[in-house]
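Q: For the record, the sequence lines run as chains Z and U. Quick note: this note's numbering has the first sequence finishing at residue 281, numbered continuously throughout. Quick note: this note's numbering has the second sequence finishing at residue 665, numbered continuously throughout.
Keep in mind that the hints were calculated from the coordinates and are not lab data. Glycine residues also receive a C-beta, built at the ideal position from the N, C-alpha and C atoms. Any given hint could be a false lead.
Said to hold, decoys possible - Using C-beta positions, here's what the derived DEER-type ranges look like: (1) U:18 to Z:258: 48 to 58 Å; (2) Z:260 to U:158: 34 to 44 Å; (3) Z:43 to U:18: 53 to 63 Å; (4) Z:195 to U:141: 20 to 30 Å.
Unchecked claim - Below, a list of computed lysine to aspartate or glutamate pairs in the EDC-like style, where the Cα atoms sit at most 20 Å apart: (5) Z:81 to Z:239; (6) Z:190 to U:236; (7) Z:192 to U:116; (8) Z:192 to U:75; (9) U:496 to U:614; (10) Z:192 to U:104; (11) Z:192 to U:105; (12) U:112 to U:124; (13) U:387 to U:425; (14) Z:190 to U:105; (15) U:567 to U:631; (16) Z:190 to U:104; (17) U:387 to U:631.
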Amino acid sequence: MTAPLDIRPSRSRLNLHRLGEQFLSWLKGLIPPAIAILVFLVIWQLFTMSPDANLPSPIRTVSETWELIVNPFFNYGGTDKGLFWQILTSLQRVALGFSLAAIVGVALGILVGTSRVMYQALDPIFQVLRTVPPLAWLPISLAAFQQANPSAIFVIFITAIWPIIINTTEGVRQIPQDYNNVARVLQLSKPKYFFKVLFPATVPYIFTGLRIGIGLSWLAIVAAEMLIGGVGIGFFIWDAWNSSRISDIIIAIVYVGLVGLLLDRLIVFASNLVLSEEQQS
Amino acid sequence: MAVFVEVDHVDRVFPLAGGGEYIALKNIDLQIHKGEFVSLVGHSGCGKSTLLNIMAGLDQPSAGGIVLEGRQVTEPGPDRMVVFQNYSLLPWLTVRQNIALAVDEVMQKHPKAVRDRIVEHHIDLVGLKRAADKRPGQLSGGMKQRVAIARALAIRPKLLLLDEPFGALDALTRGGLQERLMQICQEHEVTCVMVTHDVDEALLLSDRIVLMTNGPEAHIGQIVDVPFSRPRERMEVVKHPNYYSLRNEIVYFLNQQKRAKLHKAKPVVAVAANGLEKVNLELGFIPLVDCAPLIVAKEKGLFDAYGLSQVTLNREPSWNAIADGVTSGRLDAAIMVAGMPLGITLGYGNQRPQPMVSALTLSRNGNAITFNRRLYDAGVRSLADFKAAIDRRPDQVHTLAAVHPTSMHNLLLRYWLASGGIDPDRDVSVTVIPPAQMVSNLKAGTIDGYCVGEPWNARAVQEGLGVVMAIDNEIWPGHIEKVLGVTEAWANQYPKTHIALVKALLEACEYCDDRRNREEIAEILARPEYIGADEVLIRQGFLDPYDRGDGREPTQVLNYVQFFTGKANYPDVTEAVWMMTQMARWGITPFPRNWLEVAERVKRADIFGRAARELGLLDIGRDRHSIQLFDGIPFDPDHPLEYLNSLSIKRDLRVEEIVLDPLNV
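Extracted from the complex, chain Z is given alone in its bound form:
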């Protein structure tokens, strides 16, 4: 063949000059959100300046919670722990519940996606159950497990599993007909079809499900912990409300948001590692 090979240059070529430029443009990108945050803080300050305001101003919030911010690692026993430990405990619960949900969800999703009968039988059930709010599961799980911690984990599991199942199912059903045709023409064996065609083709959908799932589990854990008590960022907020430490609540909310964002980015990062170039959206 005489046509030239026009292979794209590989992306991982190190170039200091280019890196510097990239860093600069990244910095420039930070300016608008920084301004937005500043404006928000100023407005907040203006609204809460009067002495009889119900909510603390940003400056008061920071000064009141300085101890929590600078020292997240203290541990005075019981539930009186630094924010790091509170969040870590919550994360452990999420990790356990979410991992279980991912394993069971992907397996179920592939099963339902490959079998028309299973799909017809189970899809309506999934569609109903996925709309149930996470906290509605809590009494049932408390009744079943009789303990706070497994119940919380179960709530995470049951919250995260639906988007994973549904997306995996969809992924299997959306495998391009062409790939299936290739497999049919080549008469690929079942295991080979699964590992070479079905699973790789479904991976992008699985990651979408995981991303939605992790977001939902983080939402659910905060709510669940408020009810079951013990160590955890949810109960920390509830406890602060009971002791009228409004500033603590605000700072905990900021932490919850940041951790949620980090979890989401983590899944995106993992999917970028796994997926080949043209599968990435």
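We have chain Z; now place chain U onto it with these hints.
A: Only chain U this time, still in chain Z's reference frame:
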């Protein structure tokens, strides 16, 4: 050659959401030989990809089946590998892994080392060594398609199915890949079926091109044989004398399908008026001097005089288009070459026989055989000289052209050559080219001569390209030339209209043969909407002395073209039998065992007689007679088979019973 793949009366019906059904394919019947390259061409949505999928086993026919080497195809398998339109490479595997996936699965009985060698060999074959470890996402479209082709070839399929393989590629890449594919297929004798939109691609690659009609109920409209020899080179193919006529034929078919689509949107209804069943007639003609009766009838208001008040004349690009137009119902009637109604009735060119009727002969004589001036300058002055020239240089193949297999041009040219001891199929090559393309092909040197009507001989003479070797008047004076042709179904449906049409044209023929009218007719014919040629050329032979281009003084030829005199218009059964013997002689049609029945069914003397009586034209009928051409061999219409057997130069004779009224089972 044994049939390799048989598509046996395949139907494909899709159920519709609303409850009805959509018939995508109807009665597709196709035989493919081993090593053959067949293209499926048609408009989008004509079901060609569906057919390909059925052949692959990816889709199941609703009726009929696919037989590959005697075994029915029921499921997809690696013996029928598909190259998909969008490559269908797995994006998470590298080039090598993609090919290896196929090879490892299909060739499990070979050891790993052998399989790896096969993979590497095929990566080399398509020139992708440097990209072997890239993933498809890092490749261009052309490279991806090369991988797909390599993957398909690597598993040694018996049948390679290609679904618009080059559709998404730029022209340059496409050209390179086409040549590559052609080369590989030739080297490995792969049997291929390709779906394509690209007429040039189909012509370059295929042995046969299957033209599909539009859906619903898409079926095979026409099969075009591509006669170019292999191995092929793109430039040689383009220069082949038949290239543009084949191309035109296919493009014409496709345009026709497009028009038919619009046609279907507003179906033409027969407008009954003036006591006739249908007065809105679509008539077809080819721009030639002998189409004069049709044009005169229109221009002089003769159609209107007999009640045919809405006649449209359609200028058609080739005689094939005329045949197709009349049999498909697009045209009500047309001026046809003399053998065409018989040829269609007998099913020439492996087409389904369809009974035709010809109740009127429109013209006699008017053709000439023109040779390239080069041959004349090299001393070829007569048939004997030509024979001597051929014997001197047997390595040189002379190509001569006629306008249609069933035309008198073809039959007379062949007769003339054979009478001089030249076998028209073995010693020279006789090909089919539409009249208007003769001169340009002669000029390009792709043909050495032709037999055609005017003004195309006069044109070659005028341009100094050719010399007239023989006028058909010298071969068979007063031979049948052009006829009126309709389908038998049409004639039965509109009998009064048919008679009115015959009357109008018969009167026009009489008008054309009055010398006093010919000045005026020559002027009308020269108009751009009819022949669109220089009036001087049209007058050659028609009015003026005929210049043969051999340096001699132009001479007046009596009855160079004849429309009425000498009982010209009678549908002559004897001539019909003679034409059937000649078509059988050259293998164009089988010879009907029921030859008299066929001849009398086509040549409807009763309709002619009635029209003539109503016009008050008496005594223009002909009696049975024997025919004698310039060589003096008599033809007795009562013993056509003995006549055929007595001829020395001929093809294998097929004698068959032609069933004109198939039993409705």
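Q: If any of the earlier hints don't hold here, list their numbers in rising order.
A: As far as the earlier hints go, 2, 6 and 15 are violated by this structure, in ascending order.
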